[in-house]
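Novice: Sequence:
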Amino acid sequence: MFGLGWAEILALVVIALLVFGPEKLPGVASQAGRTLRQIRQMANNARTDLEANLGPEFKNFDPTDLNPKNFVRKHLLDDVEKDWNATPGETAAADPPPPPVTVELTAGEIPPYDNEAT
1 MFGLGWAEIL ALVVIALLVF GPEKLPGVAS QAGRTLRQIR QMANNARTDL EANLGPEFKN
61 FDPTDLNPKN FVRKHLLDDV EKDWNATPGE TAAADPPPPP VTVELTAGEI PPYDNEAT
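Using full-length UniProt numbering, the letters of the sequence shown correspond one by one to residues 1 to 118.
No wet-lab data here; the hints were simulated from the structure. Glycine included, C-beta positions come from ideal geometry on N, C-alpha and C. Be careful, since some hints might not be right.
Label pairs and their calculated CB-CB ranges [to be verified]:
1. K74 - L105: 54 to 64 Å
2. T48 - V28: 23 to 33 Å
3. E8 - G33: 11 to 21 Å
4. A43 - A16: 46 to 56 Å
5. V28 - H75: 38 to 48 Å
6. P97 - A46: 37 to 47 Å
Assemble the whole structure, with the sequences as input and the hints as a guide.
Specialist: In structure tokens:
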């Protein structure tokens, strides 16, 4: 639960008992539960409204894709991960890029200069 172990949960319960006292703790816990339930309901309603109003182009829309980590992983690193997980002799990419063309310059020859590249 939230990456917490039993020791951390027990420590939070003891701190809550000390801060709120045994008389107020059940009321605070029920209020926290109601608030959490309302937040979940609001998030679900927002997701449903987004899916309903975005149209058919976004039927596979997932709001977690808006997280920058997930966006980078999905759009940039999928090919890299496929290549890493490929067996030796097998490439995950459909067409490997062609090798770069290199031209040897003779002694004293000036390399080409591209004004638009700099």
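Novice: For each hint, tell me whether it holds in the structure or not.
Specialist: Right, here's what the structure says about each hint:
Checked against the hint of 54 to 64 Å, the C-beta distance between K74 and L105 comes to roughly 43 Å, which is inconsistent with it. Checked against the hint of 23 to 33 Å, the pair T48 and V28 passes, with Cβ atoms roughly 31 Å apart. Between E8 and G33 the C-beta distance comes to about 19 Å, which sits within the given range of 11 to 21 Å. Checking the proposed 46 to 56 Å range against A43 and A16 shows it is violated: the Cβ atoms sit about 25 Å from each other.
Restraint check, V28 to H75: a C-beta distance of roughly 43 Å satisfies the suggested window 38 to 48 Å. The hinted range of 37 to 47 Å is satisfied by P97 and A46, whose Cβ atoms lie roughly 42 Å apart.
In summary, the numbered hints that this structure violates are 1, 4.
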